[in-house]
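Protein chains in written order, with this note's numbering: chain A, 213 to 598; chain B, 52 to 351.
Hints were generated in silico from the structure; no laboratory data involved.
Using N, Cα and C, we set each Cβ at its ideal position, and we do this for glycine too.
It is possible that part of the hints are untrue.
Reference listing, derived: stretches of chain B covered by chain A, where coverage requires no fewer than 3 residues with Cβ under 8 angstroms from a Cβ of chain A [as the list claims (entries may be wrong)]: (1) 112 to 120; (2) 135 to 149; (3) 205 to 215; (4) 272 to 279.
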Amino acid sequence: MTIEFILQKKYSTLIGIILLFCFSQSMAQTDSTATDSVLLKQVELQMQQNTAPENVPQQTRSGITSNPDIGVIGDFRAAYTSQGNKNFDAYLNETEVSFQSVVDPYIRADFFVSFSRDPETHKYGVDVEEGFLTTLSLPAKLQLKAGKFREAVGRINPMHPHALPFIDLPNAYVNYFGEEGLNDEGLSISWLTPAKFYQELVFQATSGSNVSPSFYRGDNNRFLYLAHLKNFFTLNDNATLELGLTGISGPNDSSAVTNIAAADITYKWKPVQLNTYKSLTWQSEIFYSNAKYAADKAYNSFGLYSFIEDQIAKRWFLTGRFDYAEKPYNNSIKEQAYSLTTGWLATEFQKIELEGKYTTSNIETNFYQMWLRWIFVIGAHGAHQY
Amino acid sequence: MKKSIIIFPLCLLFMMSAIAGPIKVVTTTMDLKSITELIGGNKVSVQSIATGYQNPHFVDPKPSYIISLSNAALFVTVGLDLETGWSPQLLASSRNSKIQKGSPGYVDASLGIGLLQVPSSVNRGEGDIHIYGNPHYWLDPLNGKVIARNIANGLERIDPSNKDYYEANLQNFFTKINTKTAEWVTKMAPYKDTKVIAYHNEWVYFERRFGLNIVDFMEPKPGIPPSPSQLVKVIGEVKANNIKVIISSPYFTTSSSDVVAKQTGVKELTLATSVGAFPEIKNYFDLFDYNIDHLIAVIK
Chain A
213 MTIEFILQKK YSTLIGIILL FCFSQSMAQT DSTATDSVLL KQVELQMQQN TAPENVPQQT
273 RSGITSNPDI GVIGDFRAAY TSQGNKNFDA YLNETEVSFQ SVVDPYIRAD FFVSFSRDPE
333 THKYGVDVEE GFLTTLSLPA KLQLKAGKFR EAVGRINPMH PHALPFIDLP NAYVNYFGEE
393 GLNDEGLSIS WLTPAKFYQE LVFQATSGSN VSPSFYRGDN NRFLYLAHLK NFFTLNDNAT
453 LELGLTGISG PNDSSAVTNI AAADITYKWK PVQLNTYKSL TWQSEIFYSN AKYAADKAYN
513 SFGLYSFIED QIAKRWFLTG RFDYAEKPYN NSIKEQAYSL TTGWLATEFQ KIELEGKYTT
573 SNIETNFYQM WLRWIFVIGA HGAHQY
Chain B
52 MKKSIIIFPL CLLFMMSAIA GPIKVVTTTM DLKSITELIG GNKVSVQSIA TGYQNPHFVD
112 PKPSYIISLS NAALFVTVGL DLETGWSPQL LASSRNSKIQ KGSPGYVDAS LGIGLLQVPS
172 SVNRGEGDIH IYGNPHYWLD PLNGKVIARN IANGLERIDP SNKDYYEANL QNFFTKINTK
232 TAEWVTKMAP YKDTKVIAYH NEWVYFERRF GLNIVDFMEP KPGIPPSPSQ LVKVIGEVKA
292 NNIKVIISSP YFTTSSSDVV AKQTGVKELT LATSVGAFPE IKNYFDLFDY NIDHLIAVIK
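Bound conformation, chain A alone:
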């Protein structure tokens, strides 16, 4: 039913009301003097009360409690792969519960508890995804973080997966840090340097107890050390550039050391005036790993990803990504992948994404994968990193 049709139908019944309304309007206009003077008197009275609140029914602010901000994020998925016998699955991938609050004038605390499904056993387990305190008042523009946290490796690792513009993680990232990423217990100190642009230097020391392909906490006291330098440039009101460098050193499962160097670059264009309608992001990270497995045995490997995310309408996003990855334990195994994700954001509390991915490898047959992800949030949810 077209708008015109509806209007024609309504027109005949409404015309009388419109005429009546116009008449009452014109009468109201001609008789405005009396009401004007009343309004002016009210205004004058209020103006005499220089600082007092308005003379309106005072309403109590609602929702004030001492509880932390609590939020729950659901991540429901359906997945297809062209490999194997069981190649279709649908499941609640993760339920993340967050508790966030300022503790006192000196620190704040953030907890993220994850109820997620084990991909092998299909059983749900509980894990503290993150739980850390952050100082608010250290001198010299220092900030300390202590607890379990996602470490400061480039752009993807510090973000929770539901905030990424694609469903799967880049191959190179997974090869080095695993599906869960680098996420450990320890300390992090960051310093805002005196540079005229935003420059932050982060140093982290963690136990390395979280199992990842590159690092493993053995029976010794070797910790995992990480340094990250973040540089953020405002090119103009609408465009920004971020350049980051990361170095990581830690024990591996052969009781030797793996060193990883990483670099990231992110360009964002987001017009300030219409930033909810249009945006473009180009982001890339490269990883270089030197993994020593014995005194005379070391592997050097390399990997990268690069994606462009284009906001094509207020609610629609399109992301194309390229992956190149070598296995850290054998750099002769190489894979490349191409993926395309389309996302629909109903509101800032709900999004649906569909991703298709094609992977080629020099040791196995090429294959396709597809995912559908539905993210939904109830309760409080803070901003993600820019």
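Based on these hints, arrange chain B on the given structure of chain A.
Frame of chain A, contents of chain B only:
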């Protein structure tokens, strides 16, 4: 020689304190910046995070803002969860204890405002509901007085030696806003109860002060983009009530208003929600001058 060794650093210290410069203030919006400048005069240097033509609900928390916040002595926020999606993260990253909530350098400009549309229950099924009440209170010029009082209180907390200066500027602001408000109300009086459509529910304080009657919104619910059924409803209302104008803001597209305008002949008017929305709006007084003049030009 020994004396000069002692006196020289003391002189240097004195000179440094003398040339310490104005108090650095960061505000979340341009309206707060304007009022802070009017109260703080030459004692303050003010920077706003949001521009005047930007949706204050959805400011991107760029790390570059952290630098300004890390050096600020005073932070002024609209409050009432208007900036909840971005300012808490920036504040937490600022490493500046002076401006954290509860510190002397933290000013919530909404304290003492008579709030409108305070919900009795919160349900996101109703769209982006603000749990403390409608936060667009600066669009009533008399609320500007409460904002100014809060800002003066903040400045006096961190710089008590200049209290008289801030109080004098505050009184000047009160006098001018009283005079101008009477002028604006008088101008708008002939158009009392004029029915309009608004894009987003952000004009309730302006509506109440100047006697407008907002019949409906282009958004079916706050924060939800206009739907075809909502456009049909609005078109019916425009025709039924002989509505002359749809008021919107610089950060909303006009595509849905264009549809209604095409069907009904209603005019579309982009009003300023903040100082700096248009080049000629340089301060808080200009904001209302602009809006009232442009509104009258359309509805008269």
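Whether chain A covers the segment 205 to 215 of chain B (at least 3 residues having a Cβ closer than 8 angstroms to its Cβ atoms): Violated - the segment 205 to 215 of chain B has 0 residues with a Cβ nearer than 8 angstroms to chain A, which falls short of three.
Verdict on chain A covering the segment 272 to 279 of chain B, where coverage means 3 or more residues with a C-beta closer than 8 angstroms: holds (count 4)
Per-stretch coverage check for the segment 112 to 120 of chain B, three Cβ contacts closer than 8 angstroms to chain A: The restraint on the segment 112 to 120 of chain B holds, since 6 of its residues have a Cβ under 8 angstroms from chain A and three suffice.
Three-residue Cβ test at 8 angstroms for the coverage of the segment 135 to 149 of chain B by chain A: With 8 residues in contact (Cβ-Cβ under 8 angstroms with chain A), the coverage given for the segment 135 to 149 of chain B holds.
Checked against the numbered hints above, the structure breaks only hint 3 and satisfies the rest.
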